[in-house]
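Trainee: One line per chain: the protein sequences are A and B, in this order. Note that the first sequence covers residues 1 to 279 in the numbering used here. Note that the second sequence covers residues 1 to 310 in the numbering used here.
Bear in mind the hints are in silico, worked out from the structure with no lab data behind them. Hints are supplied without guarantee of correctness; some may be wrong.
Computed from the model, here is a short list of chain B residues facing chain A with C-beta under 8 Å [what the hints assert, rightly or not]:
(1) Ala-5
(2) His-22
(3) Gly-53
(4) Ala-64
(5) Gly-65
(6) Cys-69
(7) Lys-71
(8) Thr-92
(9) Gly-254
In this text, a Cβ means the ideal position worked out from N, Cα and C, and glycines have one as well.
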Amino acid sequence: MTKTRDKQKLADQALRLRRHVVEMVYQAGSGHPGGALGMAEVFVSLYPAGELKIRPEEPKWDDRDRFVLSKGHICPGYYAALAIAGYFSEDLLPTFRKLGSPLQGHPCMLKGTGIDVSSGSLGQGLSVANGMAIAAKLDGKSYRVYVMLGDGEVQEGQVWEAAMSSTHYKLDNVCAILDSNGLQIDGKVSEIMGVAPLAGKWEAFGWNVIEIDGNDFDQIFDAFDRARATKGKPTIIIARTIKGKGVSFMENACEWHGKAPNEEQYRQAMSDLGVHATV
Amino acid sequence: MAEKAATRQAYGKTLAEVGELHPEIVVLDADLSKSTMTVDFLKKFPDRFFNMGIAESDMVDTAAGLATCGKIPFASTFAIFGSRAWEQIRNTVCRANLNVNLCFTHAGISVGEDGASAQANEDMAIMRVLPNMRVICPCDSFETAGAVRYMAEHPDGPYYLRLGRAKVVDVLTEDYRFELGKGTALCDGGDVTIIACGSLVQQSMAAAEELAAEGIQARVITMPAIKPIDEDLILAAAAETKGIVTAEEHQVIGGLGSAVAEVLARKHPAPMKFIGMQDTFGESGTPDELFDKYGLSAPHIAEAATDLLG
Ligand SMILES: Cc1ncc(C[n+]2csc(CCOP(=O)(O)OP(=O)(O)O)c2C)c(N)n1
Ligand SMILES: [Mg+2]
Numbered sequence: 001m002t003k004t005r006d007k008q009k010l011a012d013q014a015l016r017l018r019r020h021v022v023e024m025v026y027q028a029g030s031g032h033p034g035g036a037l038g039m040a041e042v043f044v045s046l047y048p049a050g051e052l053k054i055r056p057e058e059p060k061w062d063d064r065d066r067f068v069l070s071k072g073h074i075c076p077g078y079y080a081a082l083a084i085a086g087y088f089s090e091d092l093l094p095t096f097r098k099l100g101s102p103l104q105g106h107p108c109m110l111k112g113t114g115i116d117v118s119s120g121s122l123g124q125g126l127s128v129a130n131g132m133a134i135a136a137k138l139d140g141k142s143y144r145v146y147v148m149l150g151d152g153e154v155q156e157g158q159v160w161e162a163a164m165s166s167t168h169y170k171l172d173n174v175c176a177i178l179d180s181n182g183l184q185i186d187g188k189v190s191e192i193m194g195v196a197p198l199a200g201k202w203e204a205f206g207w208n209v210i211e212i213d214g215n216d217f218d219q220i221f222d223a224f225d226r227a228r229a230t231k232g233k234p235t236i237i238i239a240r241t242i243k244g245k246g247v248s249f250m251e252n253a254c255e256w257h258g259k260a261p262n263e264e265q266y267r268q269a270m271s272d273l274g275v276h277a278t279v
Numbered sequence: 001m002a003e004k005a006a007t008r009q010a011y012g013k014t015l016a017e018v019g020e021l022h023p024e025i026v027v028l029d030a031d032l033s034k035s036t037m038t039v040d041f042l043k044k045f046p047d048r049f050f051n052m053g054i055a056e057s058d059m060v061d062t063a064a065g066l067a068t069c070g071k072i073p074f075a076s077t078f079a080i081f082g083s084r085a086w087e088q089i090r091n092t093v094c095r096a097n098l099n100v101n102l103c104f105t106h107a108g109i110s111v112g113e114d115g116a117s118a119q120a121n122e123d124m125a126i127m128r129v130l131p132n133m134r135v136i137c138p139c140d141s142f143e144t145a146g147a148v149r150y151m152a153e154h155p156d157g158p159y160y161l162r163l164g165r166a167k168v169v170d171v172l173t174e175d176y177r178f179e180l181g182k183g184t185a186l187c188d189g190g191d192v193t194i195i196a197c198g199s200l201v202q203q204s205m206a207a208a209e210e211l212a213a214e215g216i217q218a219r220v221i222t223m224p225a226i227k228p229i230d231e232d233l234i235l236a237a238a239a240e241t242k243g244i245v246t247a248e249e250h251q252v253i254g255g256l257g258s259a260v261a262e263v264l265a266r267k268h269p270a271p272m273k274f275i276g277m278q279d280t281f282g283e284s285g286t287p288d289e290l291f292d293k294y295g296l297s298a299p300h301i302a303e304a305a306t307d308l309l310g
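Turn these sequences into a full structure, and let the hints steer you where they fit.
Mentor: Shown next, in the form of structure tokens:
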């Protein structure tokens, strides 16, 4: 895919992705809107805006960059990004979570097009990404592996097992994006099980750490560029985001982690996103 | 006297051999390579060997990532420690039907002196229940080598290969060819059938000799694949003999005995006895002492067969 840096186009795509997320979760009557809305800019950067070297018309292209959605619950945003990038029609999105749909409640590589690996159980994606990155090195291929983690997710011990492996094997083809939205299911990350200092922990594990505002396209692209230029060690982009961003009542609201809006809330959400919804 | 070697030794040796034929093979271990015998592969192919440290969950998922990119990963540790990665095996490996070869050693009570914390007597049950997973528990060097070659040549989904620490006698021969889902009748009796896997095949052969001395002709079947299991061989045994004793170095809940019972219950109900760990943990001791104490040795198998015949 060719890279898009047109500001208006990027903003339009992020908005379109957010509308899809709300629509999908509303139609499904369940799902996880909060984290998906917060990651809209990152999803757009990776997929339609072309940070990932991919061929949507050839989803299993050997040399493609890989993407692992370790925090699989925010797949509404992922599926919308795949559709906007052209892997499948946007008309498919409303089948999310319905019987027979390729768009499962959590990503399934055997059903959905463009999904490099299944996920849904937290804490595993960085290990998988390392395996992909090792395979690239063994085969002398230049593809990169991107993996998206949550700030609650890093409470899982396996993340740190994997963090060690990435540096031990000098996997500079791994780029992790940590969605630092400060929230998990039961409350604030700092109150449930503090993970601070995040940057310090990853630095201590030997990673190149870049901290950005994860809802700002310029900062996202700049971070990806710096990650690509970093040799000898993996990079983690700690992206501060607003969970639920774009929908007034979902922003920074813990209860919108994994819940569908009712009809009234749906109208409100869509109008926040500039659409006058007709139900 | 037949050769004596642990199945883990045959595993290491064969892995190093198939590594030559299949450049996609990569091997992962979790700081136990000298015991799981993946060290044999490491010596030959250091660039294709990845020690993941004492991090079994990370090892399993890294293997999964390698599999998505066309590699043929073999991942080894002790069965008890690999078992902690069950949910990784379920969700990341099996759910996506990824070709990850989990070859866990030191299974069963014959681990011996290390005691109960190291004796995995539940691994076949937790692996067998997983959709897409194939479960193999070979009895000797020939079955092990055959299974490893088969796995290398059929990279079509997840396998669990269950290997032992202790030396066992070879009961098969050089010309043996492993086929997934096929057991082998080692001797052909018409009175009672003993179906066994792993180290208890050797015990079952000894039991058959004891029975023969009493005039009872036992058919002994080695059943390396617990899943998919050889239904035809089981049904023929149920039809042609008066009952079936299963023998495994594993809990009687969920392993070989259960798998055989499921086949019989559906297609040909027959009297059964279950030799195995009777819903209990082991302890320290030599393998032979433990086999005696926990009812897994030849005399116990022979006694179960006699009881069955009434
Ligand atoms: C291993 C595991 N444990 C628990 C869950 C249930 N769960 C789903 S999302 C979530 C919170 C994740 O928090 P975070 O990583 O911060 O993601 P965010 O909620 O911010 O999107 C939990 C506990 C899970 N999916 N996997
Ligand atoms: Mg969070």
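Trainee: Confirm or reject each hint.
Mentor: Verification of the supplied hints:
1. Ala-5: Check failed: Cβ of Ala-5 (chain B) comes no nearer than 31 Å to chain A, outside 8 Å.
2. His-22: violated, 13 Å
3. Gly-53: Hint on Gly-53 (chain B): holds, closest Cβ of chain A at ~7 Å, below 8 Å.
4. Ala-64: holds, 5 Å
5. Gly-65: Interface hint status for Gly-65 (chain B): holds (2 Å vs cutoff 8 Å).
6. Cys-69: holds, 3 Å
7. Lys-71: holds, 5 Å
8. Thr-92: holds, 5 Å
9. Gly-254: violated, 23 Å
Hint compliance for this structure: hints 1, 2 and 9 are broken, all remaining hints hold.
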